[in-house]
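Order-wise, the sequence lines are chains U and G.
If you want my numbering, it's the 1-based position in the first sequence plus 408.
If you want my numbering, it's the 1-based position in the second sequence plus 80.
Accuracy of the hints is not assured; some may be wrong.
No more than 25 Å apart at the CA atoms, straight line, and that leaves these computed lysine-lysine pairs for PhoX-like [stated by the list, open to error]:
no.	chain 1	residue 1	chain 2	residue 2
1	U	Lys795	G	Lys294
2	U	Lys751	G	Lys362
3	G	Lys558	G	Lys572
Covered stretches of chain G (in silico footprint by chain U; criterion: 3 or more residues with CB under 8 Å from a CB of chain U, positions within the stretch not fixed) [stated by the list, open to error]:
no.	segment
4	289-298
5	310-316
6	329-339
7	606-615
FRET-style restraints, in silico, Cβ to Cβ [stated by the list, open to error]:
no.	chain 1	residue 1	chain 2	residue 2	range
8	G	Lys294	U	Ile748	20 to 30 Å
9	G	Leu412	U	Val468	49 to 59 Å
10	G	Tyr301	U	Asp640	38 to 48 Å
11	U	Trp701	G	Thr154	51 to 61 Å
Since the hints were made in silico from the structure, they are not lab data.
We put the beta carbon where it would ideally sit given N, CA and C, even for glycine.
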Amino acid sequence: MSREDIQKIKKRLNFDKQAIIHIYRICKLLVTHEPDNEIFSKTVHNLLYAISKILEQEGVFSLLFVKSDIYLNKARIQQNITSFSASEYLIKLFISRNIGGFEFYVLPDSRELLLFFYSLIKYSPAEGVDAIKVFEDLLELSGIRNIRVLPTQAVEQVIPDEVQVLRDYKKKTLVIYQSTIRFLKDALSSKDYISGIDMRNAKRLVNQMVDLSGHNVENFSFWGLSAIKNFDEYTFNHSVNVCVLAIAFGNALGLPKRRLAELGLAALFHDIGKLTIPKKILNKPGQLTSEEWDIMKQHPLFAMKLLFNMHGYSESGLKKVIVALQHHMNYDFSGYPRLILEKKLHLFSRIVAIVDTFDAMTTDRVYQKALKPDDALRRIISLASKKYDPVLVKAFVSSIGLYPPGTLVELSDGSIAVVLKSNPQYENIERPIIKIINSPSERLKSDIINLAETQSLQIRKSLDPEEVGINTPHYLFNE
Amino acid sequence: MYYIKFDMGGEIGTNATKINEVKDIIISFVKLKRAQRIYLPNNEILQKLHIELVHKFKKFFMEDESISLLITPTDVYYAKSLVYSNPDRSESLAFQLYSNGINGITFYKGVEDKELFDLISILNIDMLDEDNIEDDIVTLMWSREFNFIEYSLRDDYFVQNPHANDIFDFIQRDRKDRQEKSGDKDLEFDPEELEPPPVIPHNEIALTDDEIEKIRSEVDYEDESALQIGMLDVLLELLFHERNQEEISNYINIIEKFVVNAFVEGNLRIFNALIMRYSEHKNGVFSSSDVIVSLYDKIISDLSSEPRIDELVDMLNTTYHQGLNDVLLYLLNLKKDIVPLLLRRLPDLKHVSYRRVFCEAIAQNGYDYVDLIGSKLQNAPEVIIKDIIYILGKVKNPKALEYLSKAMRFPSKELRLEAVSSIGRYRDDNSEKYLVEALLDADLDVRTSALRNIVAHGSFKTVNSLINFIGTDDFNRKSFQEKRRFFLALAKLAGPAIVNYFEDLLLNQKYQSVQIENEIKMCVIAALEMIGDHASLDVLKKAKAKIKSALSEQIENAIRNIQK
Numbered sequence: 409m410s411r412e413d414i415q416k417i418k419k420r421l422n423f424d425k426q427a428i429i430h431i432y433r434i435c436k437l438l439v440t441h442e443p444d445n446e447i448f449s450k451t452v453h454n455l456l457y458a459i460s461k462i463l464e465q466e467g468v469f470s471l472l473f474v475k476s477d478i479y480l481n482k483a484r485i486q487q488n489i490t491s492f493s494a495s496e497y498l499i500k501l502f503i504s505r506n507i508g509g510f511e512f513y514v515l516p517d518s519r520e521l522l523l524f525f526y527s528l529i530k531y532s533p534a535e536g537v538d539a540i541k542v543f544e545d546l547l548e549l550s551g552i553r554n555i556r557v558l559p560t561q562a563v564e565q566v567i568p569d570e571v572q573v574l575r576d577y578k579k580k581t582l583v584i585y586q587s588t589i590r591f592l593k594d595a596l597s598s599k600d601y602i603s604g605i606d607m608r609n610a611k612r613l614v615n616q617m618v619d620l621s622g623h624n625v626e627n628f629s630f631w632g633l634s635a636i637k638n639f640d641e642y643t644f645n646h647s648v649n650v651c652v653l654a655i656a657f658g659n660a661l662g663l664p665k666r667r668l669a670e671l672g673l674a675a676l677f678h679d680i681g682k683l684t685i686p687k688k689i690l691n692k693p694g695q696l697t698s699e700e701w702d703i704m705k706q707h708p709l710f711a712m713k714l715l716f717n718m719h720g721y722s723e724s725g726l727k728k729v730i731v732a733l734q735h736h737m738n739y740d741f742s743g744y745p746r747l748i749l750e751k752k753l754h755l756f757s758r759i760v761a762i763v764d765t766f767d768a769m770t771t772d773r774v775y776q777k778a779l780k781p782d783d784a785l786r787r788i789i790s791l792a793s794k795k796y797d798p799v800l801v802k803a804f805v806s807s808i809g810l811y812p813p814g815t816l817v818e819l820s821d822g823s824i825a826v827v828l829k830s831n832p833q834y835e836n837i838e839r840p841i842i843k844i845i846n847s848p849s850e851r852l853k854s855d856i857i858n859l860a861e862t863q864s865l866q867i868r869k870s871l872d873p874e875e876v877g878i879n880t881p882h883y884l885f886n887e
Numbered sequence: 081m082y083y084i085k086f087d088m089g090g091e092i093g094t095n096a097t098k099i100n101e102v103k104d105i106i107i108s109f110v111k112l113k114r115a116q117r118i119y120l121p122n123n124e125i126l127q128k129l130h131i132e133l134v135h136k137f138k139k140f141f142m143e144d145e146s147i148s149l150l151i152t153p154t155d156v157y158y159a160k161s162l163v164y165s166n167p168d169r170s171e172s173l174a175f176q177l178y179s180n181g182i183n184g185i186t187f188y189k190g191v192e193d194k195e196l197f198d199l200i201s202i203l204n205i206d207m208l209d210e211d212n213i214e215d216d217i218v219t220l221m222w223s224r225e226f227n228f229i230e231y232s233l234r235d236d237y238f239v240q241n242p243h244a245n246d247i248f249d250f251i252q253r254d255r256k257d258r259q260e261k262s263g264d265k266d267l268e269f270d271p272e273e274l275e276p277p278p279v280i281p282h283n284e285i286a287l288t289d290d291e292i293e294k295i296r297s298e299v300d301y302e303d304e305s306a307l308q309i310g311m312l313d314v315l316l317e318l319l320f321h322e323r324n325q326e327e328i329s330n331y332i333n334i335i336e337k338f339v340v341n342a343f344v345e346g347n348l349r350i351f352n353a354l355i356m357r358y359s360e361h362k363n364g365v366f367s368s369s370d371v372i373v374s375l376y377d378k379i380i381s382d383l384s385s386e387p388r389i390d391e392l393v394d395m396l397n398t399t400y401h402q403g404l405n406d407v408l409l410y411l412l413n414l415k416k417d418i419v420p421l422l423l424r425r426l427p428d429l430k431h432v433s434y435r436r437v438f439c440e441a442i443a444q445n446g447y448d449y450v451d452l453i454g455s456k457l458q459n460a461p462e463v464i465i466k467d468i469i470y471i472l473g474k475v476k477n478p479k480a481l482e483y484l485s486k487a488m489r490f491p492s493k494e495l496r497l498e499a500v501s502s503i504g505r506y507r508d509d510n511s512e513k514y515l516v517e518a519l520l521d522a523d524l525d526v527r528t529s530a531l532r533n534i535v536a537h538g539s540f541k542t543v544n545s546l547i548n549f550i551g552t553d554d555f556n557r558k559s560f561q562e563k564r565r566f567f568l569a570l571a572k573l574a575g576p577a578i579v580n581y582f583e584d585l586l587l588n589q590k591y592q593s594v595q596i597e598n599e600i601k602m603c604v605i606a607a608l609e610m611i612g613d614h615a616s617l618d619v620l621k622k623a624k625a626k627i628k629s630a631l632s633e634q635i636e637n638a639i640r641n642i643q644k
């Protein structure tokens, strides 16, 4: 079976993350409990179920821990907020034991699994000792015949060459991104925009974005698409960016495909109510008068009425309506429209509220200059609990990184770089993968560097791309 | 869906047999697609075609791992060979797929029967019905998440001339403009001037385990009714605050559609939740709003109308997933005067369980409609008459007993049994009278049921009627088992008060024949044993001294059991 086949099957099954979370729970419990404790029975059962599903399809269950990633049957497992701490723990555990991973071809029984993880937790080989040999002996002594430990040096060989994948991926994301902008522009520019919106096509575009957001490619992040800004076509550009950010964020949270599609669609149309606001108010350079502000505050209500007429009564349609209506209702209910029945805002509305603000803050408008992405994040963090769900704000920052993809940064050696992708580990939240675009050191020019692995370099501060005359998306999407 | 340029599939030089096999598969596929439009799912021809297609796929996959087809506007290719062609666009499978943006489709070994059937079902959906079909073919396929069917999409579906580079052009142009503005100055660095960014405290960005669990629970569990109820709350509040007449009409229209939509979509659980919430609000926080109160009544009236009841019946006849409690709660939420409509449509319901739910709803609202309900005992199929008898038993109007006593005369034993049960639900003199009459029924089961119901009533008044029955020719003709049941029922009903009567039967009574005497005395002994008090014991002891026959052993056993 080819690697592609395996990836396809695994994509279908989605048991990979479940397996990781169960292994993590077992290992954590084994620190304080003996393996024969009843406490393990349910988790082990769930783990065996997930493993059996993968074994059933692929005939092998092989987990490899490489740098900051986990590979299941040679395909990298995509992490999200809910599985990340588990992965991080396991990577550290295996690295500390000098073991690359483990594999089996026959479903082990619960005793074998528990004893194997117990050995890992309890035994740390001394330096210079052949860890694989030690563990093999341990497994044999424990009567574990179905699990094989894998050495670290074999691990490096499994990382596939992803250059072509990256190229295809970038191209595809741009095509979909641009198609979505064109679609919105065509649909919303027509006088009769209510009937002009072909919701079927909108769904197709969003579905494709959802599929793209699920790919994990080297040195590029789906988040990066939102770094594309277009001053002249702000309305469409902003809507698509909010859609991209919402899908990327939802994906990081671990939302399933169908719900990601609903979230993306809701995000795409969250501002549709602004079509009814006069342009002179929307694009007014100065502060709005109170009358103008009253009109502006009507846009969620306009959107709600418009969207109800566009398949708004169905379950997925209703999510579009609720997001359009609630995306300016603050977490503490201080936003608009103001309601007396204070109810928890829908998850999608809380997500869109954050990404909407992030994109708006990082885009030049007639009435404001764009903030640098990291400054925008700081602003959002400062408003957590008031305007935004504080847990989601943390999750957002953890997912996008303190220096989001597309941020222009200055490094400690004076180099200028663009952030390509954030590193998921918390301790590396300020140390993303970057592309050097200008450096005092010739050696570093055009290099892609993972700052998590290059401790000698660090980000000193972010830069305003306009001030230094650099268009960051160019570096994100060009080879 | 995948993004790598679609491969035309198959190896170059794939042999003619394989190509013919693929042609054959596509012919079967198209035949099945056509048949699915014409026939009901359980139709034999359709099933045969389905089996045939699955068989052909299986045969092909004995040697190959997949079938990759290239789709053009009129043709389908496998391994660069034409395997399907149809210039008639209205019928062409190729055109249907291509016009929806699909330029390749691959079936993998392991493709499931259901996947094939579902794919064909998707292709048969009337996509012209834009008002009702929210998704296109590709979205439907995407949502279905086929395990062993993949498709590739044309890049140019949305963009006539695919210009991914437009973005690059824009970026380059924009960059140039900016550089011109800024004079394309060289970048200058002075690391000494750099200031480190403000540090964000750890607790402001690091997620705790509890927070991760909180996210996980929201991600894993989606409460659909919470979304709907939340929306209703907002809509009602907006309507409550609105003063503009035009906007009020707008909101009324939206709320009405919104609530009724839950019914139209066939989600009665959600409808019930919504209507319960609405009711809470109209009697609570929004009770001062005449608009909100009258809108509620309007919605209920609409759903209680004949066309809506007809829609409900059609829905229940075509879907199987409605919970019985949901259907009942839905019906009870409607106006009370729907009883005649429900009665009229009762015979049209195909599923017994849904019919019973209708019966419950009719019964709960049917007190004032007892005559109408009773009138339905005539000229209806037996199953419906049985339902009507059931309703009469639960309608709680004593007048129903008149109809039920008539029902006791139906020739069908099943109907008489149902009638006895229904009569048994009433606790008055009339019902007991009818139950005692039922003891004369020609059928043992009906008589036994009547007896059980009499006992269940526990009414002492019935005892005399039962005692009078003993000794009649009708009684004597009953089997021993039935007589025994009768005596045990009497013992249960009357308890110690009947011991004297039993003593008389056991020690003094004259009988027509020895057989009847023995049978009745055996029944009395069993009944006394059941009562089991001192008086019963004394009677049995007297009997032991007096009766020297085959009954002695039974008497001794009874005494022993009581003493234990």
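**Asked** Which earlier hints can't be squared with this structure?
**Response** 7
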